[in-house]
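Undergrad: Here the protein sequences come in this chain order: A and B.
If you're matching positions, the first sequence starts at 20 in this note's numbering and goes up one per residue.
If you're matching positions, the second sequence starts at 10 in this note's numbering and goes up one per residue.
To be clear, the hints were calculated from the coordinates, so they are not data collected in a lab.
Just so you know, not all the hints are guaranteed correct.
Short derived list, chain B residues pointing at chain A, Cβ under 8 Å [to be verified]:
| hint | residue |
| --- | --- |
| 1 | Leu-20 |
| 2 | Glu-23 |
| 3 | Glu-27 |
| 4 | Ser-37 |
| 5 | Thr-41 |
| 6 | Tyr-61 |
| 7 | Leu-164 |
It should be emphasised that the depicted structure is a prediction, and the values quoted were computed from it without experimental measurement.
Glycine included, C-beta positions come from ideal geometry on N, C-alpha and C.
One letter stands for each residue in the lines below.
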Amino acid sequence: MRLVKSGHVIDDPYVRVADDAPVPDDRSVIVSAARYLANVAEFAGRTAPTGVLWPNNRRVAEIVPHLSKLALVALEFPKFRDGRAYSQARQLRETHGFRGELRATGDVLRDQFMFMVRAGFDAFEVKKEKDVAAFANEIARKTVFYQPTGDGRLPAARARHLRPAAPGIAGHGRG
Amino acid sequence: MYIYDELDRTLLSERVSEFRGQVARRLSGDLTEEEFKLLRLQNGVYLQLHAYMLRIAIPYGTLATPQLRMLAHVARKYDRGYGHFTTRTNIQYHWIKLEQLPNAMADLASVGMHGMQTSGNNVRNITTDQWAGVTPDEIEDPRVWAEVIRQHVTLHPEFSFMPRKFKIAVGSASHDRAALRIHDMALRLHRNGAGELGFEVMVGGGLGRTPFLAQTIKQFLPTRDVLSYVEAVLRTYNQFGRRDNIWKARIKILVHDLGPEAFAKEVEAEWLPIKDGQLVLDPAVVAEIRSRFQYPDYERLEDSPKELKDARAADERFSQWVDNSVSNHKVPGYAIVTMSLKPEGGTPGDCTAEQMDAIADLADRYSFGEVRVGHEQNLALPHVAQRDLYALWRGLDRVGVATPTVGLVSDIISCPGLDYCSLANARSIPLAQEITRRFHDINLARDLGRLHINISGCINACGHHHVGHIGILGVEKNGEEFYQITIGGRADEKARLGTLIGPAVRYGEVADVVEDIVAAYLELRARPDEIFLETVERIGVEPFRERVYAAR
């Protein structure tokens, strides 16, 4: 699986381990939420990194106590149109201070990259090969943002205070 | 009006260029129709019965004349010479070709206009009172707050793929002209006991298949907290709103299922961690936005000038129009003029390119270059000197937007219905046209007084039939159009849903039923100035049912 991580295309160092398969000691793994929560102590003893695939219909509050032991949380976009994981991502990053890898999985298209980056994702399992190559372009094409999130991009309201006043749009006339 | 700057323009042009790329990917097959659908919807592009439809936002209903002229240009160049104003103060073009959409969008962007978030499962165009900033009964101009929220939710990374669309309205006047209680979320500006400004927050209103009026979940939210609280409501909805059934996906269902108190608790839990963070509104930011709403340099004038009195005495048609279509302004000597888009036999909300251009010229001359759009699908000129009313009226009358029936029986709200819409079950526009013909006698209409008829061609309720004084809903039964008729609904500060008056009737009978309801009202009203709605509220639906259905 090719992965976009922090803007670079890399080979995914993680393996996904099915619930009935043994967990290799020396590999970075992603396991299901159910398996992780049932074996928290066991996973805490691992030396290789552990990641969890967190469903989008489960409150993140349940995983919050374990975040310090997790190297990765993968969130799901079962369908392009299902945006629950954007809220989960911001809660993990901004409210609970998660600094590990936050990975977007599922129906991940180039049209969501910027939204996902702004919500706190830094890794992307991209569905279409052409979209992998488009990542850098998609991120570069947007330069103005109206709202602050945890990504540090300057919202327009703040940017206005930092630059000299721009002239009003000419077409708007008086009034 | 609001002055956009370089940042606003850059955001728009980046969006247009992104959409151009998406259209190219669709045409080359890189995007499937299903994938493209979501992307085009986020830019206001629908696929209708005959063609693509483009819906353009008119934030808080405020238009500058260069924008109105651009709407005329788009109607002419890309469509069939007209546009349709909607109940969310947007304008729709029904005949645009997919390949031409990016060019139409680029033209619109040149005057700061766009279709972003006029469809799709995001926060839609924020609406407010079409008389904002000029009506005597408001606390302050609600558009400032509508713009604060509009900016915050535009291309919001967290809330662009919610369970369903989300409509916000902001009100600030004692009389509710923004239909607050039928919105997913409504914010009513008011002052608390200490004189501080804040919002009453209502959530969970909506019409459609399961109509609900919004419930208050916070009596007083300080203005500094408005963005964090909006975000908490949206976050709660984004996570817990239903996604398994499109008919149960609006926030009204979530609020109803949890109950308003439990919903408010969930919101509170989301709100507390973010309340004092980076979303606290900096007064400097609000002041900056406020400063970009420009108000005219009004002259010092007297109310009821001699020119107006003389013209009224000399011209009865003019005088009738003044009584009907001219409203009080907060500045002495000025007036607010409503322009009717409901001529006899016309399509409610339709406006031709010629009318738009003529209105823009008149607005430049008589209304400081500003035009408003209201949810009743009429337009308004917000700053007219009373001494100019006669000259203005002659100009408006010439282009057919001075029909003196505002708020009367012919001022019908209607969705496009089966003539355009792929969701509709029944026709709406021809019904509206027929009803205006039945009530073309202006003296009868005036005698009937305030009477709002709202027509929807399907259960999605775009014509707001539940809150019409008379509501008409088209349904399909065995392949035939039938119409359910309700009475007693209203969308103002005393909002309530209408009550079904009897069995559904066939298309050909609807106008007769409306005439019968009106005849019953004339017979049953306690006095000539008791309006239809008051009669229904006083005596209930039953006496109407008896009279209307006795002979059927």
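Undergrad: Work down the list of hints and note, for each, if the structure agrees.
TA: Okay, the hints, checked on the actual structure:
1. Leu-20: 4 Å, holds
2. Glu-23: Holds, about 6 Å.
3. Glu-27: Since the shortest Cβ distance to chain A is 7 Å, the answer is holds.
4. Ser-37: This interface hint is violated because 10 Å lies over the 8 Å limit.
5. Thr-41: Status violated, d = 10 Å.
6. Tyr-61: B:Tyr-61 check fails; min Cβ-Cβ to chain A is 19 Å, beyond 8 Å.
7. Leu-164: Hint on B:Leu-164: holds, closest Cβ of chain A at ~7 Å, below 8 Å.
Checked against the numbered hints given earlier, this structure breaks hints 4, 5, 6; the rest are met.
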